[in-house]
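Colleague: The whole structure should be built from the sequences, with the hints applied where relevant.
Number of protein chains: 2
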Amino acid sequence: MAGKNQEFVTHIADINVDFPQWYTDVILKAEMVDYGPVKGTMVIGPYGYEIWELIQEELNDRIKATGHRNAYFPLFIPESFLKKEAEHVEGFAPEVAYVTKAGGEVLAEPLVVRPTSETIICSMYSKWIQSYRDLPMLINQWCNVVRWEKSTRPFLRTSEFLWQEGHTVHETAEQAQEETLKMLEVYREFSENVLAIPMSTGRKTDKEKFAGAVATYSIEALMQDGKALQAGTSHNLGQHFTKVFDITFQSREGRQEYGWQTSWGVTTRLIGALVMVHGDQRGLVLPPKIAPIEIVILPIAAHKPGVTDVCLKVRDELKAADIRVYLDDRDTVSAGWKFNEWELKGVPMRLEIGPRDIENGVATALRRDTLEKFTLPLEGIAAASQAKLDEIQRALYEKAMRYRDAHTFDATNFDELVKGLDESRGYVRAMWCGDRACEDAVKERTSATARCMPFKQETIADTCVCCGKPAKHLVFWAKAY
Amino acid sequence: MAGKNQEFVTHIADINVDFPQWYTDVILKAEMVDYGPVKGTMVIGPYGYEIWELIQEELNDRIKATGHRNAYFPLFIPESFLKKEAEHVEGFAPEVAYVTKAGGEVLAEPLVVRPTSETIICSMYSKWIQSYRDLPMLINQWCNVVRWEKSTRPFLRTSEFLWQEGHTVHETAEQAQEETLKMLEVYREFSENVLAIPMSTGRKTDKEKFAGAVATYSIEALMQDGKALQAGTSHNLGQHFTKVFDITFQSREGRQEYGWQTSWGVTTRLIGALVMVHGDQRGLVLPPKIAPIEIVILPIAAHKPGVTDVCLKVRDELKAADIRVYLDDRDTVSAGWKFNEWELKGVPMRLEIGPRDIENGVATALRRDTLEKFTLPLEGIAAASQAKLDEIQRALYEKAMRYRDAHTFDATNFDELVKGLDESRGYVRAMWCGDRACEDAVKERTSATARCMPFKQETIADTCVCCGKPAKHLVFWAKAY
Numbered sequence: 009m010a011g012k013n014q015e016f017v018t019h020i021a022d023i024n025v026d027f028p029q030w031y032t033d034v035i036l037k038a039e040m041v042d043y044g045p046v047k048g049t050m051v052i053g054p055y056g057y058e059i060w061e062l063i064q065e066e067l068n069d070r071i072k073a074t075g076h077r078n079a080y081f082p083l084f085i086p087e088s089f090l091k092k093e094a095e096h097v098e099g100f101a102p103e104v105a106y107v108t109k110a111g112g113e114v115l116a117e118p119l120v121v122r123p124t125s126e127t128i129i130c131s132m133y134s135k136w137i138q139s140y141r142d143l144p145m146l147i148n149q150w151c152n153v154v155r156w157e158k159s160t161r162p163f164l165r166t167s168e169f170l171w172q173e174g175h176t177v178h179e180t181a182e183q184a185q186e187e188t189l190k191m192l193e194v195y196r197e198f199s200e201n202v203l204a205i206p207m208s209t210g211r212k213t214d215k216e217k218f219a220g221a222v223a224t225y226s227i228e229a230l231m232q233d234g235k236a237l238q239a240g241t242s243h244n245l246g247q248h249f250t251k252v253f254d255i256t257f258q259s260r261e262g263r264q265e266y267g268w269q270t271s272w273g274v275t276t277r278l279i280g281a282l283v284m285v286h287g288d289q290r291g292l293v294l295p296p297k298i299a300p301i302e303i304v305i306l307p308i309a310a311h312k313p314g315v316t317d318v319c320l321k322v323r324d325e326l327k328a329a330d331i332r333v334y335l336d337d338r339d340t341v342s343a344g345w346k347f348n349e350w351e352l353k354g355v356p357m358r359l360e361i362g363p364r365d366i367e368n369g370v371a372t373a374l375r376r377d378t379l380e381k382f383t384l385p386l387e388g389i390a391a392a393s394q395a396k397l398d399e400i401q402r403a404l405y406e407k408a409m410r411y412r413d414a415h416t417f418d419a420t421n422f423d424e425l426v427k428g429l430d431e432s433r434g435y436v437r438a439m440w441c442g443d444r445a446c447e448d449a450v451k452e453r454t455s456a457t458a459r460c461m462p463f464k465q466e467t468i469a470d471t472c473v474c475c476g477k478p479a480k481h482l483v484f485w486a487k488a489y
Numbered sequence: 009m010a011g012k013n014q015e016f017v018t019h020i021a022d023i024n025v026d027f028p029q030w031y032t033d034v035i036l037k038a039e040m041v042d043y044g045p046v047k048g049t050m051v052i053g054p055y056g057y058e059i060w061e062l063i064q065e066e067l068n069d070r071i072k073a074t075g076h077r078n079a080y081f082p083l084f085i086p087e088s089f090l091k092k093e094a095e096h097v098e099g100f101a102p103e104v105a106y107v108t109k110a111g112g113e114v115l116a117e118p119l120v121v122r123p124t125s126e127t128i129i130c131s132m133y134s135k136w137i138q139s140y141r142d143l144p145m146l147i148n149q150w151c152n153v154v155r156w157e158k159s160t161r162p163f164l165r166t167s168e169f170l171w172q173e174g175h176t177v178h179e180t181a182e183q184a185q186e187e188t189l190k191m192l193e194v195y196r197e198f199s200e201n202v203l204a205i206p207m208s209t210g211r212k213t214d215k216e217k218f219a220g221a222v223a224t225y226s227i228e229a230l231m232q233d234g235k236a237l238q239a240g241t242s243h244n245l246g247q248h249f250t251k252v253f254d255i256t257f258q259s260r261e262g263r264q265e266y267g268w269q270t271s272w273g274v275t276t277r278l279i280g281a282l283v284m285v286h287g288d289q290r291g292l293v294l295p296p297k298i299a300p301i302e303i304v305i306l307p308i309a310a311h312k313p314g315v316t317d318v319c320l321k322v323r324d325e326l327k328a329a330d331i332r333v334y335l336d337d338r339d340t341v342s343a344g345w346k347f348n349e350w351e352l353k354g355v356p357m358r359l360e361i362g363p364r365d366i367e368n369g370v371a372t373a374l375r376r377d378t379l380e381k382f383t384l385p386l387e388g389i390a391a392a393s394q395a396k397l398d399e400i401q402r403a404l405y406e407k408a409m410r411y412r413d414a415h416t417f418d419a420t421n422f423d424e425l426v427k428g429l430d431e432s433r434g435y436v437r438a439m440w441c442g443d444r445a446c447e448d449a450v451k452e453r454t455s456a457t458a459r460c461m462p463f464k465q466e467t468i469a470d471t472c473v474c475c476g477k478p479a480k481h482l483v484f485w486a487k488a489y
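One line per chain: the protein sequences are A and B, in this order.
Heads up, the first sequence is in the numbering used here, so the first residue is 9 and it goes up one at a time.
Heads up, the second sequence is in the numbering used here, so the first residue is 9 and it goes up one at a time.
Hints listed in this document are in silico derivations from the structure and should not be mistaken for laboratory results.
One or more hints might be untrue.
When chains are identical, the list treats them as one kind, so a pair holds in a single copy or across two.
The list that follows gives simulated cross-link-like pairs (lysine-lysine, DSSO-like), each with its CA atoms no further than 27 angstroms apart [to be verified]: (1) Lys72 - Lys346; (2) Lys37 - Lys72; (3) Lys451 - Lys396; (4) Lys91 - Lys109; (5) Lys135 - Lys158; (6) Lys235 - Lys297; (7) Lys47 - Lys109; (8) Lys477 - Lys487.
Note that the structure is predicted; figures quoted are calculated from it, not measured.
Modeller: This is the structure in structure tokens:
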């Protein structure tokens with residue numbers, strides 16, 4: 009989108025020296041995003057938005073396959089709604105944007121621009137839900153939300169972002185808990201199989217949970233700078249909101265009961281995770297399943313007889329095999345410039361086709377993840393390409409998994425915890441007594457937070473890593489975005 | 009979504025007596041929409057949103073096929089941006105919602121919640137566009153917008169609505185004009201072939217054009233109460249915005265020039281048009297191409313041997329043929345109740361399958377549009393069903409076309425115009441001198457407005473229908489939503 013620069017690749021900061029600057033360079037230069045005119049806002053450029061569209065498509069399939077339907081609720085929430093649930097207002101009020109004037113008048117009640125939609129959706133559910141026959145209520149929405157953050161970074165934390173938020177109501181506590189974990193599992197499966205990002209899953213501590221939830225569960229990913237990123241959350245809301253919004257139903261036994269609720273969401277932050285998990289010094293590295301362009305074809309010496317024809321034929325074969333392919337036949341930039349551009353943009357594989365390739369009945373291929381060069385026979389190139397793309401998809405996941413394993417350490421006392429966080433650049437697994445004081449102490453000394461209490465609980469020590477009292481939970485600690 | 013009511017169909021107002029109430033009854037009872045807690049806002053329920061998703065899918069295909077890419081620009085626009093283009097601010101300022109507080113602080117500059125995104129997109133384009141090589145810039149976005157309207161009605165006019173807005177910049181005035189008309193044609197083709205709504209297309213008068221445009225073109229549809237509805241617009245913005253936002257590029261001749269711009273959009277209003285063009289006393293009538301459920305299967309005497317099996321088999325066959333099918337196997341409501349519900353929801357065709365049908369090797373079918381009953385052989389039912397759906401799609405378009413033709417009258421003097429508008433309940437075609445005064449006079453006397461100056465200009469009289477001076481344009485006049 010920005011004016012073209014022949015040397016842009018040389019301007020990417022060193023990934024090992026200045027990771028934050030590397031991130032910013034990559035997302036801007038790959039034309040995924042730009043800064044909006046209002047502080048803290050972002051413009052998602054076509055290349056970033058195409059990734060979001062693929063995320064939406066894949067997630068929508070999964071959200072619908074689990075019985076949910078999409079709907080749309082209003083952007084503006086009466087301020088009084090937000091105030092109904094005590095923890096919720098405390099958690100969100102500091103970040104809220106208010107509409108106070110509209111249609112030429114000062115509003116009698118200020119309106120909150122939704123930071124999340126529990127309250128407004130509950131106000132509708134209290135109307136819609138009458139009987140157990142109306143349950144489970146399984147609704148999802150894709151929309152924008154606003155949280156006025158002090159310190160922002162494109163995709164990771166912005167004043168406005170895009171997300172999906174599921175909101176469900178059930179007859180029993182058990183069903184709500186089942187839904188909460190089911191949707192977390194949908195996120196994990198999607199993240200691992202589509203984004204190729206291994207996820208640690210577990211429950212949040214009370215300190216880290218959603219404002220108004222009984223329990224929050226999350227998927228956590230490890231970035232290449234060793235910081236963790238919360239990539240999605242699923243909340244068991246219990247009856248916190250159904251009681252204050254009076255969401256009652258006639259049960260199978262004929263009693264009036266409050267519904268049991270969940271909510272769950274993932275955001276455009278996932279795009280940031282993709283960049284920071286897979287990227288390298290040349291820029292983005294996209295897993296094929298989420299790449300707007302899976303294969304780029306570059307004609308070499310396109311003026312020579314046959315080159316354009318073969319390129320077009322290969323493009324059509326790949327397209328027919330449902331591979332997202334782009335034939336870059338521009339004659340205004342050099343081949344070297346194209347190499348740089350498509351590597352920066354993380355296209356999983358490129359095929360060069362020139363007179364000599366055609367003579368040999370092959371295309372010269374380059375894998376973006378390994379930068380390995382090889383040839384593919386033109387005969388049957390669609391199937392061979394798909395096999396390579398599948399291989400790249402797997403390889404990226406395994407590489408990220410190896411990184412995570414190599415950056416996860418166990419600590420049995422506070423010194424080891426501090427040392428682990430400083431040196432390992434990643435997760436430290438350590439036991440915790442369950443007291444907020446210890447959690448606060450860890451944060452104060454190390455700036456790390458409890459990312460989650462993993463589902464697979466093990467006992468790696470008997471005592472809390474902080475206070476030495478009997479341990480209750482295994483916790484993944486890390487510095488985090 | 010609301011609590012189920014066995015007699016809901018009897019509560020729909022008479023379409024011929026109280027069309028506005030009929031409309032409200034249908035959209036609420038079909039669970040397409042509900043009123044939001046803030047005055048003038050709507051909640052789009054799953055059934056309404058599924059229609060919107062189909063609209064998005066069909067339009068996205070067309071928008072991308074014409075070379076546009078989707079992106080996302082921020083919701084909040086600095087107030088100063090809106091003020092840059094004089095006509096634009098005049099047109100939109102009265103309807104704008106302002107954010108004045110955020111993150112616990114009063115903002116130095118109030119933010120406008122986007123009523124449309126020309127200004128914020130221009131601020132980005134002025135950064136992104138440097139050279140003719142960056143043109144044409146062809147970007148579209150799907151988002152919510154806010155216009156604080158005094159008088160609202162779900163889908164037709166609401167404080168917040170969903171839409172797509174395309175924003176393009178070109179090298180020459182001719183290219184911008186070509187784009188403007190190309191996208192109007194995309195809208196027309198989509199509306200006629202997918203929504204089955206015949207459209208009148210043409211240019212808006214200066215009075216009716218977009219605030220800041222050189223020329224606005226629209227597609228106009230006629231509702232069953234004889235009122236017209238502007239269903240989509242495409243604007244040639246000339247250099248109005250590129251000059252005030254300094255969008256310049258180096259031309260092929262090496263000169264610095266201002267770009268030529270267009271914008272175009274359709275909204276959730278299209279859903280309201282669908283209801284009002286095709287609906288009848290029993291509720292919605294959806295064209296198959298836009299129906300969330302194209303065929304509903306109702307088992308009759310489902311407990312009898314074989315019924316469920318055959319229903320499942322038919323469902324699977326229809327699904328395999330890419331027909332959106334739903335098997336309604338609820339045993340909690342009667343068959344009659346199901347008939348009412350699916351008719352209300354406008355499902356294009358229903359198939360009843362009971363023991364006798366199976367014995368005869370058929371399903372008993374009902375077409376929603378004509379309420380005609382017939383049988384379809386179970387053998388090859390997918391192909392036969394698809395053929396029927398295609399027939400329904402065509403029939404709906406033709407019926408709407410006949411309605412429009414029967415409600416279009418020519419007037420050569422003011423009395424005929426007034427009489428035509430009163431009696432015809434539809435369009436009156438009449439000549440106009442081009443003066444604003446005459447346009448105002450027609451509105452004052454009849455409350456009708458100039459819907460468009462159709463592309464197919466004819467001379468049905470030599471003089472203006474209002475003032476008697478020489479006529480310049482043929483105009484479609486109508487009362488409108």
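Colleague: Of the numbered hints stated earlier in the document, which are not met by this structure?
Modeller: Violated: hint 3 alone.
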